[in-house]
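*Asks:* Sequence:
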Amino acid sequence: MMKLEPIASGVMDSPMNDDPFAALDLPVRFDIDLADVRRRLMRATRSLHPDRASSPVEASENTTRLAAMNAAAQSLEDDLERAEFVLRRHGGPSPSEDRSLPDGFLESMLEVRMELASAHASGDEADRARLEDWARSEWNDRRSAVADLLDCEEDRVPDHAALVAVRLELNRWRYAQRMLEQIDPNVNALDL
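Residue 1320 is where the sequence shown starts when you use my numbering, and the numbers rise one by one after that.
Mixed in with the good hints, there may be bad ones.
Taking CB as the label site, the calculated pair distances span [said to hold, decoys possible]:
hint	residue 1	residue 2	range
1	Pro1414	Arg1358	29 to 37 Å
2	Ser1441	Pro1369	51 to 59 Å
3	Asp1443	Asp1355	37 to 45 Å
4	Ala1440	Arg1365	49 to 57 Å
5	Pro1414	Ser1456	31 to 39 Å
6	Pro1369	Gln1393	18 to 26 Å
7	Glu1500	Glu1430	14 to 22 Å
8	Glu1430	Arg1362	18 to 26 Å
9	Glu1500	Asp1467	40 to 48 Å
10	Arg1408	Trp1453	28 to 36 Å
If you're looking for bench data, these hints aren't it; they were derived computationally from the structure.
Using N, Cα and C, we set each Cβ at its ideal position, and we do this for glycine too.
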C-alpha cells in the first residue's frame, strides 16, 4: 500500500485522484460528520489559497489541489456517491460487476413508474405526491440499510456477504433516486 503524504494542514494527497477520503484525510466510513468535511475543506482553502503561494508554479499546484479537494467534499456530501466510494474501498462489487435486484423488484418499479406517468398525464397532484412520499421513504430506507451494513469499527472491513448486500441496496437506492428525479427534475440528492 502506498503511503499518503500530507500536502497541507493535515490534508492528504493521494495517488488515487478519485479517493475523496484520502483527499480530505478522512477515515473510510459511510457515516461521517459533514461539518468536519466542510471544516477540513475550509482549512485547506486557507492554507492552499493561490495568493499565499510563493511562486506561480506553487499557485497552480495549490489551485489543482483545491479543485480536487472541492470535488472530494462534494462527493462525500452525496450519500449515494459516498456509499459507492466506501464499497469500492472495501473491495465490494461495482455497479457493472453486480446489477442484482430482489426478485420482483423491476416489475414493481415498472408499476410505480406507470402510476407516475398516469399521475403526470392526468395532473393528479395527490397521486404524484403519494408517489413522491413513497420514493422518499424508499430512498431513506435504502440509505439506512446501507448505513447499517457499512457501520463497523474503523479498523474492520465488512465481510464479503455484507459487501454484496450493500451492492444490492445501492442498486435499489439508485432506482429510488431516479424516481425522485422523475417526479421532480429539480430534486437534489444533497437535500434529501
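*Asks:* For each hint given before, does the structure comply? Return the numbers of the non-compliant ones in rising order.
*Replies:* 5, 8, 9
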